[in-house]
Amino acid sequence: MEVVVQITFGVIAVFILVAAAMVVSVRNVIHAALWLIACFFGVGALYMLLEAEFLAVVQVLIYVGAVSVLILFAIMLTRQITGEGVRQLTNRWPVVLAIATLLFATVLAPTLINQQWNVPPAPPLGTPEPIAGPAELGRGFVNEFLIQFQVVGVLLTVALIGAIVIAYEERARRRKVLTLAEELELKRLREQTSPTVPAPVEAEPVVQESRSASER
Amino acid sequence: MMEPPFEIEIPRGRVIEVQRDDSRVRRGGGLLRGMAVIWKHWKESFRLNRSYSQIHGTFTIQYPEEKPRIPEAYRNMPILLYDDETGHELCTSCFQCERICPPQVIHMTQAKDPATGKPVPAVAEFIIEYDACMSCGFCAEVCPFDAIKMDHEFELSTDDHAQLTVHKAQLNRPISYYASIAPTMWAEVRESALKKLQGNIRRRPDVIGIAPHLTERIAARRAELAAQAAAPSPAAEPASPPAPSAPTEARKLTPEEKAAKLAAIRAAKAAQAGDGVTPSAEGGTPAEAPPADDKAARLAAIRAANAAKKAAATDAAPAATGEPTTPTPADDKAARLAAIRAANAAKRKQAADSVDTEEGS
Amino acid sequence: MLQTQELQVNIGPQHPSTHGVFRMLVTVDGETVVDLKPVFGYLHRNHEQIAEANTYLQNMPYTDRLDYFNSMANNHAYAMAVERLAGIEVPERAEYIRVLMVELTRILNHASAVGFMINDMGAWQTPLAFGMREREKILDLFEMASGARLMCNYFRFGGVARDLPPEFIPNLRELLVALPAYIDELERLLRDNEILLQRAVGIGILPREVALSYGVTGPVLRGSGIPYDVRKAEPYSVYDRFDFDIPIGKVGDVYDRFLVRIEEMRQSKRIIEQVLEQLPDAKGGHINPKARQNVRPPVGDAYARIESPKGELGFYLVSDGSGKPYRYKVRAPSFINLTPLADMCRGYKVADIVVILGSIDIVMGEVDR
Amino acid sequence: MYDILQALINGTFGWGWPDWLIYLISSLVVVTIILVVAPLQMLFFTYYERRVIARMQDRIGPNRVGPEGIWQPIADGVKMFTKEDIVPEAADRIVHFLAPCVVVAPTILMFAVVPWGPGMTPVDLPTSLLFFFAVSSISAVGLMMAGWASNNKFSLLGAMRAVAQMVSYEIPAVLSLIAIVMIVGSLSINSIIEYQAGLLISNRDLPGIPDLGLGWFVFTPVGFVAFIAFFIAALAEGERTPFDIPEADSEIVAGYMTEYSGMKFGLFYLAQYVLNFLLCAITAILFFGGWQGPGVNWLYAQAITPTNPDGNGLFNVLAGALGVFYFLLKTYIFFFVMVWLRGAFPRLRIDQLMDFGWKFLIPLTLANLFSAAVWVAFTRWGAAEGMLITVGWSPVLRWLAAFIITLAINIGVYLWLTQVYAASQAERRRVELEELSATL
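Residue numbers (my numbering), protein chains in the order written: chain A, 846 to 1061; chain B, 146 to 506; chain C, 2 to 370; chain D, 18 to 457.
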């Protein structure tokens, strides 16, 4: 059984690495995004292998179902549909690779050296159950980590409001096109508010506006 | 909140404003009501319904098994009628339908008496292009002899476009067929139609004007009757069918005799050609030819007509007369055709000249 | 901020909901329509030119093909024009039969127009299927009388081609039981439907003054709140003998047009009932026996118009004294009602275009001719 | 499946096979069954839909191929297989090819956690409900790929609409489920079904209720509102009328499927109908007790189960058959409702759909969440949780109080929301005009 798990892990790990490499190396942005999704899947599979089903499912739900879709949306809305993009890698990618490896090593080397492998540390008596299932997670959120949970909630709400503010524009400015009924309604309103000014002069901008909109 | 709907009186009626009430707050009641309507339809649909006054139930007609009921007046494609008893077609080729037809899909040639070359009130060939026919029914309406009627047959689909150019043999239907699909409409015109037919039959010699697929059978029948009449007693003679031609003449119609007769006719025609009795002399050919030969004969006729037309168009009489000599006729038929062509061209030229002189004066 | 690019989208000529071969070159900003260019002529058949080469009677079946939903109405307008030109009297009974047929046409046209409009909104055929069911019954009646379902070719100068067959009136009476049930059911199904209200209210508004300036007629004009109906404005045939109302809309949006059509079906049913009452007393036969079909009208011109289900349908004929019209012109309501489409769609969403087009109720055969 | 096989092989036959072999066999059997059942359901659904909607339109529907046209879907399948597979010139070939696979795979995966009958869950995950929705969200990626790879404006527009719609409507769907999860206290589909034993009231809310397998959530106010909200969201996720905007043929031809033909097109259809089946099934499971029904629990109590290894195998079969019958019956009824809606309604516009989802359905489900909390508090909490009012009340009284309070909350919120929703739309129109007049 152990061997099977080892082999599976190896396969998944290689898959993740390949996918990650493809994300940064393919030319097409959409393809990169799709490779990223594959990468997320691999991570989900790793969680599954570790018997953390909840995390695996959440990984799929959030990263594959939401984040990647968001990325795809963003790409499609901002880029040309054809997707023929520029190369994602810079010319000096070996340098970047070297620096990244170096940093990675500095962080991970002490851990690798100091870690005692294959010996799971015995849990000291009286430690709580490891947080794994949804029930435990939920309890953790509302008991131990209540403040953190609340702070994250507020942060997300703020982000949400910020997104709305960024996206929000005044309707009138956003909508360049008036419907026929609105045009007439406006004209009527204008006549009501300023009866002294002769109507045709007032009405002209409306007409021009609409015409310019239709010509564009 | 709601204003009373706007209304004014006008002569014999009012102008009413539709009730919109679209400002009401809605809570899904309209959706549920719509669903109730659909539910009723679903529930009732297991009942078969053919009533005009019902709006529920299944109305579908299972087509190939079950044919729709077709009203008498239904008109699909035109057909030609012939009399069941005598086999005579009602059509006299008066060209009324050809003239009225809006898409111009009816074409016909008049039959000629083979002996005299005079036109006979019968049709030699009748073509309708079903593919371009718009089923307007004008041809049936204008026909003074009630010879052309609208059929109820609607399963005309075919994979061969040429089949939609329909010839007389396929257009012919007995009167009894039409009487069965439109009894009252036939009853209205029956008397006058048959009376006119009797009048026309008298002017038709021999098998002219008889439905082509019946000519053989009628000839055989006549021969039989004649044999009967000749053998037992001359008293049986009046019992022969009401065909105008005498049974003695019908007996001549054995192949050898027919050939002889044809030769005679040819000679007569050649003699008459100079007189130019009728512009379409070659129209007689298809009527004489047996139905199997029909197509070839028609082709020859069309070719002859074309040549004649061309000749007339060239406007030069010598050229027209010279033309028949160029092809070397292999058989006597071709020779005859050439003769007719030449005669025609000459005649048309004459006619054109006369018109010219008339207009000139 | 969020900038969107304007995009040109071709809707049609081969598109499920353009009601034939019709192309709309739509400039969209996101989902909002900035501009719309209707492009038509894909179904041009040279109708008017052909008519000038035909005799007067030969044109009758060609008029069927203009607006193939309402062949009876087209026949009526054309027959009236020729009758005016040639001075042919129409017997009373024939007039009643004509009115009967045209009003039946109106019902079937509106039933299918409403159905198609709801189809364009995305209903999966159901309201259309119900409308088609009633339409089939009416077509059965047409078939009984004229011999054909769609291309009726029923009217002749001075009357109609045949008298009504004996089974016609009983069947029509049965149908008159079904029609109100159908109209009520349609109202129950759709009138208060929240989804339909969302899609129809305030969409495709054609204000009164604009409708007038475009020369729009028919339910589209009445939906915009102008009570103009040729049957009342210039009563032709025997329309001055019937009581009926003219429904008009309030705002001029898709919903108003929908309601006006439903109400018009009711009024047509009323007219048919009155025809049935008055028909037995009507004088004359189904056709004027003195009227020649092969007309050679005197030199002159004539214009006849009727209230066809789609609007004012007119035929203008000029005669040079021969058997063929010298000039033949159709004032097609579909074509003229289509002209304000660009203005009606501007500022609405892409999905609204097809609904607005559906609410105008066009038939390309009549638009392109 | 595993326990039955183990009981059969090691118990009945006494062969003593190792665990992993039995596990492997049972996995293979389950996978085979799912792979056979899923397309069959799709075939049946296409036929079922066409027949039902035809009846609603006073027609008969397909009735030529086989008795009553039952082989019609097979004929359609043959047609699909023999059609030419056309890939547009400008399409991205690989992605174009992968997209239908990515769309179909998750729908088949979702079958893994659907319980067909008592003890008939292919994979009994403790987080199966979450798994179901997590996997269902993957197909959005497939739709995106299809729309993008086709290189067609209509396709891309259709895919964007489809994904936007799926993502937005996942929120009300999941929010309405959370209400149920709160009451049950588990993410496992099996325990949700087990909760719904009883008669009109769940066994666990009110012990002592006779167990007829009818203690469905839909009979509670919380469950009912959750059911309505979830079903509407399911319509949107399954792209059913009135939310079939991604393939609105009157606007964008066939949406993301425009450039697909042959069996690739067929695969999209397969995915869609299988997804519809699953959404109907999960509705039946969550709110109508799944396989619960009169008699199933009684039969299952005498069958071979992990807790009762001495049972009779015959009862396994009987309980399973009855359970599957109830389950499929409910599922098919829900699909009937879907078809019914399709027969009755036009479709919404995309912005109206978003409005409805975000401004009506989500507030409604949020309020329902509050109701669910009230429900749990009244029926289950005692003094220890700080719920002092209900101390000393009998379970019946607690249940009644919970019922009335949640009913009042839900009805009130519904009425208020409809009003606010209508008013907001009118207000928006007014404000728009005001802004316009101010700027010009």
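If you're looking for bench data, these hints aren't it; they were derived computationally from the structure. Only a predicted model underlies this, so the values are computations on that prediction, with no experimental measurement involved. It is possible that some hints are incorrect.
Unchecked claim - Okay, derived cross-link-like pairs now, SDA-like style, lysine to any residue, Cα gap no bigger than 25 Å in a straight line:
1. B/K185 <-> B/R157
2. C/K350 <-> D/P79
3. C/K325 <-> B/Y323
4. C/K251 <-> B/P247
5. C/K270 <-> B/S198
6. B/K212 <-> C/P167
7. D/K170 <-> C/Q9
8. D/K376 <-> A/L1034
9. B/K185 <-> D/N329
10. B/K212 <-> C/K325
11. C/K251 <-> C/Q275
12. A/K1032 <-> D/I245
13. D/K96 <-> B/S302
14. C/K270 <-> B/S302
15. D/K170 <-> C/P167
16. C/K270 <-> B/K340
17. A/K1032 <-> C/R297
18. B/K185 <-> D/P79
19. C/K251 <-> B/S302
20. C/K251 <-> D/P79
21. D/K170 <-> C/Y215
22. B/K188 <-> C/Y215
23. B/K212 <-> C/Q9
Status of each hint after checking the structure:
no., hint, in the structure
1, B/K185 <-> B/R157, "violated (38 Å)"
2, C/K350 <-> D/P79, "violated (36 Å)"
3, C/K325 <-> B/Y323, "violated (34 Å)"
4, C/K251 <-> B/P247, "violated (46 Å)"
5, C/K270 <-> B/S198, "holds (14 Å)"
6, B/K212 <-> C/P167, "holds (22 Å)"
7, D/K170 <-> C/Q9, "holds (10 Å)"
8, D/K376 <-> A/L1034, "violated (31 Å)"
9, B/K185 <-> D/N329, "violated (47 Å)"
10, B/K212 <-> C/K325, "violated (41 Å)"
11, C/K251 <-> C/Q275, "violated (29 Å)"
12, A/K1032 <-> D/I245, "violated (45 Å)"
13, D/K96 <-> B/S302, "holds (24 Å)"
14, C/K270 <-> B/S302, "violated (38 Å)"
15, D/K170 <-> C/P167, "violated (58 Å)"
16, C/K270 <-> B/K340, "violated (46 Å)"
17, A/K1032 <-> C/R297, "violated (55 Å)"
18, B/K185 <-> D/P79, "holds (21 Å)"
19, C/K251 <-> B/S302, "violated (50 Å)"
20, C/K251 <-> D/P79, "violated (44 Å)"
21, D/K170 <-> C/Y215, "violated (33 Å)"
22, B/K188 <-> C/Y215, "violated (47 Å)"
23, B/K212 <-> C/Q9, "violated (49 Å)"
The earlier numbered hints that this structure contradicts are 1, 2, 3, 4, 8, 9, 10, 11, 12, 14, 15, 16, 17, 19, 20, 21, 22 and 23.
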